[in-house]
Amino acid sequence: MRTPNKAGVAGIALATAALMIVTAPTASGEHQSGSSAYGASVGGSPGQPAVESDGSQEQKGGGQVPAQLGPLAAGGGLTLSAGNDRATATINDLTLGAEAAELPQQLKDGLAQLTQACTVVEQAAPADQALAPLNEALNQVPGVGTVVDLPTIEAATVFCTSLLDADILSLAKIGTLVTECNDQSGTVTLSGVETLGAPQPVLVGQVAPETQLLPAQLAPVAKITLNHQIRDGENFTVQGLRIEVEGKEVAVLASTTCGAAAPHAPEVKSETAKKKPKSKPAPVPTPAQVSAPVTG
Amino acid sequence: MPDTHLTSKTDRLRSAVSRLSSGAAFVAIAALLVAALTSCGASDEDEASARGAAPVDLSALAASTTETKLPRAPKDTDPSEATDGEVVHPLRTLPVYAAPDRRPFAKVAPKQMMNDTWLPVIDQRDGWTQVLLPSRPNGSTGWLRTAQLEQRRSPYLIRVHAGSRQLELLRDGAEVGSWSVAVGAPETPTPVGRTFLLASIVDADQGYSPLILPLGSHSDTLDSYGGGPGTVALHGWPDTSVFGTAVSHGCVRVPADALEQLSQVPLGTLVIVDQQ
Numbered sequence: 001m002r003t004p005n006k007a008g009v010a011g012i013a014l015a016t017a018a019l020m021i022v023t024a025p026t027a028s029g030e031h032q033s034g035s036s037a038y039g040a041s042v043g044g045s046p047g048q049p050a051v052e053s054d055g056s057q058e059q060k061g062g063g064q065v066p067a068q069l070g071p072l073a074a075g076g077g078l079t080l081s082a083g084n085d086r087a088t089a090t091i092n093d094l095t096l097g098a099e100a101a102e103l104p105q106q107l108k109d110g111l112a113q114l115t116q117a118c119t120v121v122e123q124a125a126p127a128d129q130a131l132a133p134l135n136e137a138l139n140q141v142p143g144v145g146t147v148v149d150l151p152t153i154e155a156a157t158v159f160c161t162s163l164l165d166a167d168i169l170s171l172a173k174i175g176t177l178v179t180e181c182n183d184q185s186g187t188v189t190l191s192g193v194e195t196l197g198a199p200q201p202v203l204v205g206q207v208a209p210e211t212q213l214l215p216a217q218l219a220p221v222a223k224i225t226l227n228h229q230i231r232d233g234e235n236f237t238v239q240g241l242r243i244e245v246e247g248k249e250v251a252v253l254a255s256t257t258c259g260a261a262a263p264h265a266p267e268v269k270s271e272t273a274k275k276k277p278k279s280k281p282a283p284v285p286t287p288a289q290v291s292a293p294v295t296g
Numbered sequence: 001m002p003d004t005h006l007t008s009k010t011d012r013l014r015s016a017v018s019r020l021s022s023g024a025a026f027v028a029i030a031a032l033l034v035a036a037l038t039s040c041g042a043s044d045e046d047e048a049s050a051r052g053a054a055p056v057d058l059s060a061l062a063a064s065t066t067e068t069k070l071p072r073a074p075k076d077t078d079p080s081e082a083t084d085g086e087v088v089h090p091l092r093t094l095p096v097y098a099a100p101d102r103r104p105f106a107k108v109a110p111k112q113m114m115n116d117t118w119l120p121v122i123d124q125r126d127g128w129t130q131v132l133l134p135s136r137p138n139g140s141t142g143w144l145r146t147a148q149l150e151q152r153r154s155p156y157l158i159r160v161h162a163g164s165r166q167l168e169l170l171r172d173g174a175e176v177g178s179w180s181v182a183v184g185a186p187e188t189p190t191p192v193g194r195t196f197l198l199a200s201i202v203d204a205d206q207g208y209s210p211l212i213l214p215l216g217s218h219s220d221t222l223d224s225y226g227g228g229p230g231t232v233a234l235h236g237w238p239d240t241s242v243f244g245t246a247v248s249h250g251c252v253r254v255p256a257d258a259l260e261q262l263s264q265v266p267l268g269t270l271v272i273v274d275q276q
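From first to last, the protein sequence lines stand for chains F and V.
FYI, the numbering for the first sequence is 1 to 296, going by my numbering.
FYI, the numbering for the second sequence is 1 to 276, going by my numbering.
Everything labelled a hint here was simulated from the structure, so no lab data went into it.
Since we're looking at a predicted model, the values are computed, not measured.
We put the CB at the ideal spot given by N, CA and C, even for glycine.
Fair warning: there could be bad hints in the mix.
Here are the simulated distance ranges between beta carbons [to be verified]:
1) A174(V) to G192(F): 54 to 64 Å
2) G163(V) to P209(F): 32 to 42 Å
3) K60(F) to K111(V): 39 to 49 Å
4) L91(V) to G175(F): 45 to 55 Å
5) A147(V) to A67(F): 46 to 56 Å
6) G43(F) to T240(V): 43 to 53 Å
7) D149(F) to A82(V): 48 to 58 Å
8) A147(V) to E234(F): 28 to 38 Å
9) S241(V) to A67(F): 20 to 30 Å
10) T189(F) to A147(V): 36 to 46 Å
11) N92(F) to P137(V): 41 to 51 Å
12) G163(V) to E234(F): 20 to 30 Å
13) T211(F) to P137(V): 39 to 49 Å
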């Protein structure tokens, strides 16, 4: 008789313990928060590939950078994870600017001319004589002449040295880009960064929020931001790399969001969460005396 | 690149390069990205306009009214989706853009049919507001600069179910009333999709209703009707036997009590017509 009793007590104890374990987070005031991560979003479209967690279990996924990024970015293996208020998005071996083979022919021709003009800059004596042909060549490249001006020989040589040293097929390479959010904080960490073939050690390691890769004067034309952070109510988003052209978001790479509502909490759709304070009521119309035939 | 290029001159410049190459390289990348994007997508005109160099010549733009066609207007991509009720009023005649920072394709005035213009907001981002427009084709939209708008909110939503010939008036999501109405006949159907209350008018020439509420939409089958451009409207009808039938030329004929309620609904309020 004692054995069954013991078993019964043990069973109750185990069940109680299990119940305590299950209920402990809630009882102690801890809670689960969701999170999500995606690899790339083009033109504001939903990011893909993507993973999402309600916080109860870590979700993992991955894949390749979507082909729609076209000339903006290529290659890149993706690893994604999302769990309890923590998410990561990792891109390996990403090429920005992609392959010249994918660029329009006019642009490729213009680049070839530009490269030739730069060769003249290297060889010209005095070097100032090469400035005019170089700027003329710049203007032959669609889009470049309007954003790049090389008024001095120093600017020209710097520009051309970078260009001549570059593997033009690989405008910029990032060995690893890791975006992570953890509750209301986040980091972006880079390694193996090269631009136009030249290593950029200054960009290796954790990068500060809102790091701009382009000179401020180019901002109306194009912005490339590392570690772009967005707070939206309880949600906190870190975008690893964000490209904007003419004020519009063109692409986002390696984005994570933490703090989405847990499933047992009242579901707050982003539409509601993002809602600004309500506007004043619109006026009740006063009918106008006018003749305007309608379809009847 | 072969080492033969690394002349003493370039060696001398390396120190400058180390200071500036990062910036130059990124300038090159940005230039190429911009070049690639613009050569793949936007037209030269769009590109020029996007740079914002030239002021907009409003006189060269077609006015978005119920009378005009705007074939270049972007199409409403979510024609069955309710909004949060935000509506905007242009503070003066404004250019209407196909996309933020692109070339304007039309203009919109602060008055439509002698009423204040109120347009429903379907999207907002970074200083720009996308609205439904009152012109043909149905579902025309355009972008306006938010700073040039007065923004208010209508708590109402009007749903017209052409299949069941019912009109629902909702306020903050709750039903205010539902009425049996007359909708377009099979040969002149009421166009489905998302539109809005464009105006509130009393038209002495149209004796069938004390009040007419023209919408932003137009008949898909009639280019014009009764001397007008085929504007669809909500209005009353003296013969109550029509309610629940599909007999109109596209307008929605509503009972008197429905019209009374609708007369209190702000202009710009969303009207969603479906086939249900």
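Tested hints:
1. A174(V) to G192(F): 54 to 64 Å: Holds, since A174(V) and G192(F) (Cβ atoms, about 58 Å apart) stay within the stated range.
2. G163(V) to P209(F): 32 to 42 Å: 53 Å, violated
3. K60(F) to K111(V): 39 to 49 Å: About 57 Å separates the Cβ atoms of K60(F) and K111(V), which means 39 to 49 Å is violated.
4. L91(V) to G175(F): 45 to 55 Å: For L91(V) and G175(F) the Cβ distance comes to about 52 Å; the hint holds.
5. A147(V) to A67(F): 46 to 56 Å: Violated - the Cβ-Cβ distance for A147(V) and A67(F), about 38 Å, lies outside 46 to 56 Å.
6. G43(F) to T240(V): 43 to 53 Å: Given a distance of about 51 Å, which is inside 43 to 53 Å, the answer is holds.
7. D149(F) to A82(V): 48 to 58 Å: With Cβ atoms ~49 Å apart, the hint holds.
8. A147(V) to E234(F): 28 to 38 Å: 29 Å, holds
9. S241(V) to A67(F): 20 to 30 Å: Roughly 60 Å apart at Cβ, these two residues miss the hinted range, so it is violated.
10. T189(F) to A147(V): 36 to 46 Å: Once the Cβ atoms are compared, 38 Å apart, the range 36 to 46 Å for A147(V) and T189(F) holds.
11. N92(F) to P137(V): 41 to 51 Å: Holds, since N92(F) and P137(V) (Cβ atoms, about 47 Å apart) stay within the stated range.
12. G163(V) to E234(F): 20 to 30 Å: 41 Å, violated
13. T211(F) to P137(V): 39 to 49 Å: Hint holds: Cβ distance 45 Å, inside 39 to 49 Å.
Violation of the numbered hints given earlier is confined to hints 2, 3, 5, 9 and 12; the remaining hints are satisfied by the structure.
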